[in-house]
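**Student:** Sequence:
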Amino acid sequence: MAHSEYFGMDYARTLLEWRRRFLAARPNIKAMGYSDQFFRLWDYYPCYCAAGFKAKTIV
Numbered sequence: 004m005a006h007s008e009y010f011g012m013d014y015a016r017t018l019l020e021w022r023r024r025f026l027a028a029r030p031n032i033k034a035m036g037y038s039d040q041f042f043r044l045w046d047y048y049p050c051y052c053a054a055g056f057k058a059k060t061i062v
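For reference, each letter of the sequence shown is one residue, going 4 to 62 in this note's numbering.
Computed beta-carbon distance windows for the label pairs: (1) Y9 to F41: 28 to 36 Å; (2) I32 to V62: 29 to 37 Å; (3) G55 to L26: 18 to 26 Å.
None of these hints come from the bench; they were simulated from the model. Treat the numbers as computed from the prediction; the structure is a model and nothing was measured. Think of the CB as a built atom: it goes at the ideal place given N, C-alpha and C, for glycine as much as any other residue.
Can you build the whole structure from these sequences, using the hints too?
**Tutor:** Right, dumping it as structure tokens:
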């Protein structure tokens, strides 16, 4: 490999922005019939992944 860059911090920021938008869209998501379980899963997942990228346990 000639070159390598770590994009984890940038991707962590992206994940948290997606989460912010997802949370803002909660009324629309509920109106589409998605369950609270679905909402909790997709609230948790970007936080979990962002933490992994920030800690460099996901590369």
